[in-house]
Amino acid sequence: MIKYLSEYRDPVNAKKILAQIRKVVTRPWVIMEVCGGQTHAIVRSGMDQALPAEIDLVHGPGCPVCVTPLETIDRALAIAAKPEVIFCSFGDMLRVPGSGKDLLTVRSAGGDVRIVYSPLEALELARQNPERQVVFLAIGFETTAPGNAMAIVQAEREGLHNFSELACHVLVPPAITALLGSPENRVQGYLAAGHVCTVMGLTEYEEISRRYKVPIVATGLEPNDILEGLLMLVRQLEAGRFEVENQYKRSVRHQGNVLARQMVSEVFEVVDQKWRGIGELPASGLRIRQRFAVFDAARKFGCESLQVEESKICISGVVLQGLKKPGDCPAFGRECKPEHPLGATMVSGEGACSAYYKYKLPIILSV
Amino acid sequence: MNDKKNIMPHGQMSCPVPIMNHDTVQLAHGSGGKLSAELIDKMFLPRFDNEVLARMEDQAVLDWPGGRLAFTTDTFVVDPVFFPGGNIGDLAINGTVNDICMSGARPLFLSVAFIIEEGLPMETLHRILLSMEAAVREAGVKVVAGDTKVVPKGGCDKIFINTSGIGLVPAGIAMSAAALRPGDKVILSGTVADHGMAVMTSRESLSFQSDIKSDTASLHGLVEKMLRASPSIRAMRDPTRGGVAAILNEFAKSSATGIRISRDLVPVRSPVQAACELLGIDPLTVANEGKLVAVVEAGAAEVVLAAMREHPLGAEAVLIGEVVSDHPGMVTEETAFGGTLILDMPVGEQLPRIC
Numbered sequence: 001m002i003k004y005l006s007e008y009r010d011p012v013n014a015k016k017i018l019a020q021i022r023k024v025v026t027r028p029w030v031i032m033e034v035c036g037g038q039t040h041a042i043v044r045s046g047m048d049q050a051l052p053a054e055i056d057l058v059h060g061p062g063c064p065v066c067v068t069p070l071e072t073i074d075r076a077l078a079i080a081a082k083p084e085v086i087f088c089s090f091g092d093m094l095r096v097p098g099s100g101k102d103l104l105t106v107r108s109a110g111g112d113v114r115i116v117y118s119p120l121e122a123l124e125l126a127r128q129n130p131e132r133q134v135v136f137l138a139i140g141f142e143t144t145a146p147g148n149a150m151a152i153v154q155a156e157r158e159g160l161h162n163f164s165e166l167a168c169h170v171l172v173p174p175a176i177t178a179l180l181g182s183p184e185n186r187v188q189g190y191l192a193a194g195h196v197c198t199v200m201g202l203t204e205y206e207e208i209s210r211r212y213k214v215p216i217v218a219t220g221l222e223p224n225d226i227l228e229g230l231l232m233l234v235r236q237l238e239a240g241r242f243e244v245e246n247q248y249k250r251s252v253r254h255q256g257n258v259l260a261r262q263m264v265s266e267v268f269e270v271v272d273q274k275w276r277g278i279g280e281l282p283a284s285g286l287r288i289r290q291r292f293a294v295f296d297a298a299r300k301f302g303c304e305s306l307q308v309e310e311s312k313i314c315i316s317g318v319v320l321q322g323l324k325k326p327g328d329c330p331a332f333g334r335e336c337k338p339e340h341p342l343g344a345t346m347v348s349g350e351g352a353c354s355a356y357y358k359y360k361l362p363i364i365l366s367v
Numbered sequence: 368m369n370d371k372k373n374i375m376p377h378g379q380m381s382c383p384v385p386i387m388n389h390d391t392v393q394l395a396h397g398s399g400g401k402l403s404a405e406l407i408d409k410m411f412l413p414r415f416d417n418e419v420l421a422r423m424e425d426q427a428v429l430d431w432p433g434g435r436l437a438f439t440t441d442t443f444v445v446d447p448v449f450f451p452g453g454n455i456g457d458l459a460i461n462g463t464v465n466d467i468c469m470s471g472a473r474p475l476f477l478s479v480a481f482i483i484e485e486g487l488p489m490e491t492l493h494r495i496l497l498s499m500e501a502a503v504r505e506a507g508v509k510v511v512a513g514d515t516k517v518v519p520k521g522g523c524d525k526i527f528i529n530t531s532g533i534g535l536v537p538a539g540i541a542m543s544a545a546a547l548r549p550g551d552k553v554i555l556s557g558t559v560a561d562h563g564m565a566v567m568t569s570r571e572s573l574s575f576q577s578d579i580k581s582d583t584a585s586l587h588g589l590v591e592k593m594l595r596a597s598p599s600i601r602a603m604r605d606p607t608r609g610g611v612a613a614i615l616n617e618f619a620k621s622s623a624t625g626i627r628i629s630r631d632l633v634p635v636r637s638p639v640q641a642a643c644e645l646l647g648i649d650p651l652t653v654a655n656e657g658k659l660v661a662v663v664e665a666g667a668a669e670v671v672l673a674a675m676r677e678h679p680l681g682a683e684a685v686l687i688g689e690v691v692s693d694h695p696g697m698v699t700e701e702t703a704f705g706g707t708l709i710l711d712m713p714v715g716e717q718l719p720r721i722c
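As given, the protein sequences belong to chains A and B, one line each in that order. Take 1 as the starting number for the first sequence in the working numbering and just add one per residue. Take 368 as the starting number for the second sequence in the working numbering and just add one per residue.
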């Protein structure tokens, strides 16, 4: 596996691509990388320090942990505290603060909260513990939706009625559309998230690109993928082109993964969705269809109506929209740190504030 | 001023609970990262404050008639109890032996205390004891005291082991994290993250197969060889919980110097690197149980490195960085792209990421 990774991290290749970018770029461009994994690869590799000054990279809303709305976290906390429940989650959701506490606190107070690596593990727990209710916190973009859909289909097939999902899926294209439609938008080109495109394909992005006259490059998540994506994007921008191009050819097909998409639309329906820090975006989320209601934890545990207000201090919303950078927040690195996060962009390893805190804090605080 | 004192309500005269970020103890308080440090600084140190504890080394070095003693204690609660490459038994012996060795001391005597959950199969206990016996023999120490408690089912998870140890520091050896000077070299004895990833990938919830083995080993032989090669070793530590990142940060903090390393020079076995990639974990923050990091005067670095490489536990030893006068108290890493990043103290539990 490492062989396949080192190829895309090779510094010699990186320098070649960087040189090409320098040659092509003639004026300033504002570019957004949508995916949190890309943000991390950029900061972690030090690539942002090596790019020509003309390129202003802003970090997009592509961290599913960050944009999961407060009420979903609060619902998770309420369900996880129930004695009959085994609450399963991906690891990085455990530290995301809800209104008062996080899942780690619920666990230390006696809640049975477990880290799993796939919804299928939660399904296995449901098989092994028929007397308990096993709930999986099903969050993420289009990338995790197929697996979460499959778990529900499988649970129905096996009659595992003690399994359910607290689902809160978000979709990338409506978020990009919302950003592009905003009067404050300054982003001129997008690196689309390679993994999302692997599932969904490129057609949605072609529509956006045509409508807003904006170039989009489906890009992988390794440093040299991102550099190559940037090069393709800068070439388009400099030439005044706006097309959808595919840098991540080793994974992304034009039509996406058809089976995965079918599975998703069988189980989920598209709904208006609240994004933490951003607000409600039309048709930007997925909800479990009525036909699978018994596997919907929000319905099962009757916490659908729970509504909460977000904190006023945290600027994660504007960071997620690419309008400000983490260092612009007065609380950054002071009141707000990974061990005591005010907002979700500081919590997840994929969050922009966390990436800046981890690798750039003193540079920011000394300014 | 006096008036104010007089009107202070009675309740405020007693010691309040220190202000912590959490009302209850979290798992992360035991992870060796920032929250562990907070727990020690705010809760423990103020209660037991003395000049020996204040040095914050992995062991206490005590002046005693006839020489200097190194004294340490450690408790082992690993899950699962058996993992590829070892089990809680040899871990408990090697861990305490290594903490003693890191002061340059020769380990001599150990105590062993067990907390056992009722229902533990005798066969399991026996297997653990057999590997403890082997580890004791390997380290050349004697177990001279012990204790056993059995708790009701659920009172602990299978078996917890505490070991304490005493060693003798040879004359002329005085290592301390506070002694680091700019220009000193940082040496790592071999690959990182083997132990932590062996344990993590053998947990039942993680269903992937790998050939990752724990590196649990007693480092006394390697340390002896290093000390014979050169007395110019400033400080040594074994990067257990919190990994290399945590101890480098401790070094930088204790000595008020900066440390700069090149990540590319840190050896990581290929399957370990792959597991870290999959789970989104930085190998520099993962526990090791048979490795050490030494900070050595620049002039002695090559001699120490050569001596280490002659020992099986130091065969892959490498120079990974140096002590600098820039950014005191902070550790930085150079990336392959030529950028500079901060290598921070891990925050808490390692939380595998979603994507």
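Think of the hints as simulated: they come from the structure by calculation, not from any bench. Don't take each hint at face value.
[As the list claims (entries may be wrong)] Calculated lysine-lysine pairs in the BS3-like style (CA-CA distance at most 27 Å, straight line):
1) K580/B x K360/A
2) K337/A x K509/B
3) K300/A x K101/A
4) K213/A x K312/A
5) K409/B x K101/A
* Which of the listed hints are not met by the structure? -> 1, 2, 4
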